[in-house]
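Taking the hints into account, I'd like the entire structure generated from these sequences.
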Amino acid sequence: MNTIRLYLHSMRMLIRSQLEYPLSFFMQTLAQLVMEGGEMMAVILLVDRFEHLNQWGAGDLYFFFGLMSVTFYLTECFGRGITGNFPYLVRTGQLDTFLLRPRGVLTQVMCSAADPRRITCIAVGIVALVLGSRLSAIHWTLDRVLLMAEAILCGSVLILGLFMIEAIFCIYSVKSIELVNALTYGGRSACEYPIDTYPRPLRVLFTVFAPFALTLHVPGAVILGKPLFDWPMWAVWVSPLSGIVFFAVIRFCFQRAMRHYRSTGS
Amino acid sequence: MKAYLSAFRMRRRMELQYRGAVLGGVICQVFFGLILVAVYRAMYAGKPQAFPLSHITSYVWLQQAFFRMLLASDPELLDKIRTGSIAYDLCRPLNLYGFYYVRIMAQKMTGSLLRAAPMLAFAFLLPEGWGLMLPASPEGFAWSLAGLLLGLLCVSALENITMGFTMRTLDSRGMQALLNLLMMILAGNILPLTLFPDSWQRVITLLPYAQLLDAPIRLYTGETPLSAAPGILLIQILWTLLLTGAGILFWQANQKRIEIQGG
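Chain order of the listed sequences is A and B. Residue numbers 42 to 307, in my numbering, belong to the letters of the first sequence in order. Residue numbers 68 to 330, in my numbering, belong to the letters of the second sequence in order.
FYI, nobody ran anything at the bench for these hints, they're computed from the structure. Some hints here could point you the wrong way.
[As the list claims (entries may be wrong)] A partial selection of chain A residues facing chain B, derived with a Cβ cut-off under 8 angstroms:
#, residue
1, M68
2, Q69
3, E80
4, W181
5, E219
6, L220
Heads up, the beta-carbon is just placed ideally off N, CA and C, and yes, glycines get one too.
Written out as structure tokens, the structure reads:
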């Protein structure tokens with residue numbers, strides 16, 4: 042409980058500190074809006090030209106897009122400590138100070154940054170979700186709402202795990218690995234579209250190794266009434282938990298790696 | 068002229084220093100290219116279009132390969148303005164605009180050629196319907212090379228105008244981000260301009276952003292017929308002259324009100 046209070050307190054402080062420069066904040070938030078708006082416009086224009094993608098109509102595609110943007114940018118907004126400059130903390134040896142304090146390292150990293158500029162990206166995602174749900178005439182029931190909440194939550198945890206990979210690499214080799222971006226930002230771009238868009242190797246990558254398909258697409262497809270697989274309902278509920286399992290594995294690796302942590306010093 | 072040439076060479080050499088770091092970036096870019104191609108392939112399977120799929124996949128690969136031409140900026144100038152060491156640049160017997168123009172051009176050219184070579188080689192090896200097609204005709208290829216060169220001049224002029232804005236305020240990240248995004252969208256990086264609604268294309272292709280990569284790519288794939296090529300190049304030349312002229316005036320105005328920070 043104490044940890045959560047600490048986290049909420051730091052979030053409040055971090056967001057307030059960013060609002061100290063209102064003009065700069067406003068411009069950057071606007072830039073985020075244009076960025077995510079541009080991505081959504083690309084989907085709209087593609088739908089306008091091609092009308093559908095496999096069995097998915099316009100509404101379905103907007104829904105998947107919205108699901109991904111809301112999940113990804115909620116994570117970037119409130120987990121910026123991990124998705125932002127975690128590798129940088131390791132590389133520069135700034136992580137040392139975290140080791141001295143009586144709290145877990147990951148907790149402190151989570152509390153170290155927030156990115157409220159992403160609020161406009163989240164808004165675009167919500168618009169896409171509402172638009173998609175209208176066009177696809179989703180019949181909202183309590184368990185569908187809960188399933189979507191579970192998908193977004195587990196998806197966020199998965200994304201946090203993916204961003205931690207680079208930090209782990211940094212502990213062993215000080216150089217940062219740009220390649221991990223293929224999984225994080227690449228995963229976001231790819232999984233804005235349902236997984237059956239892709240050829241087999243990419244499907245395997247985003248189902249088994251970075252399970253975006255299990256956390257977002259399986260529940261999303263069920264909510265849309267067009268399940269991806271003939272799975273019983275309980276399996277659909279279990280499937281997003283793979284994000285949490287993924288995070289747990291990465292967290293374990295991180296704890297192991299921390300034993301090897303040698304500060305780079307100054 | 069010699070001074071500008073050596074500024075260009077110095078910058079080129081600097082850009083060549085980080086070849087190792089480039090590799091990771093290239094692999095990432097290739098991955099993004101594959102994802103985009105897979106999406107367009109799936110869309111095409113549902114509803115084929117007037118132009119063949121290989122045009123779109125070639126468009127994607129050429130955009131990815133020359134990505135660095137769009138997004139490369141000179142962070143040094145901003146630092147110099149912030150710290151006041153811009154004074155050294157003002158002492159040089161060179162035109163400030165010209166000096167930064169050749170620097171950014173060297174950076175954009177070297178950076179994108181360094182990345183384009185391995186990426187285009189990879190894209191050529193991909194099977195039909197995934198990779199990069201051969202140019203539609205030798206003449207078209209020659210026109211597209213000329214177009215690419217003009218695109219480079221044009222994008223350097225655009226970048227200098229963006230820098231002109233950053234000279235006016237000390238924290239210009241927002242402004243810069245906005246202008247860059249506008250460029251990414253209207254240059255066809257996010258979505259190929261050929262996939263925009265046809266009525267939009269008539270306007271968008273006339274904007275300066277379409278001159279950077281879209282115009283040369285269309286010449287390469289043969290989307291633009293050879294007979295129309297001189298007209299396209301004329302538009303590119305006009306925009307380059309216009310943007311360079313506007314940039315020079317803008318920088319001159321900026322230079323008059325520049326304040327040296329220091330202490």
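Check your understanding: Any of the earlier hints contradicted here, and which numbers?
Key -> Of the numbered hints, just 4 does not hold.
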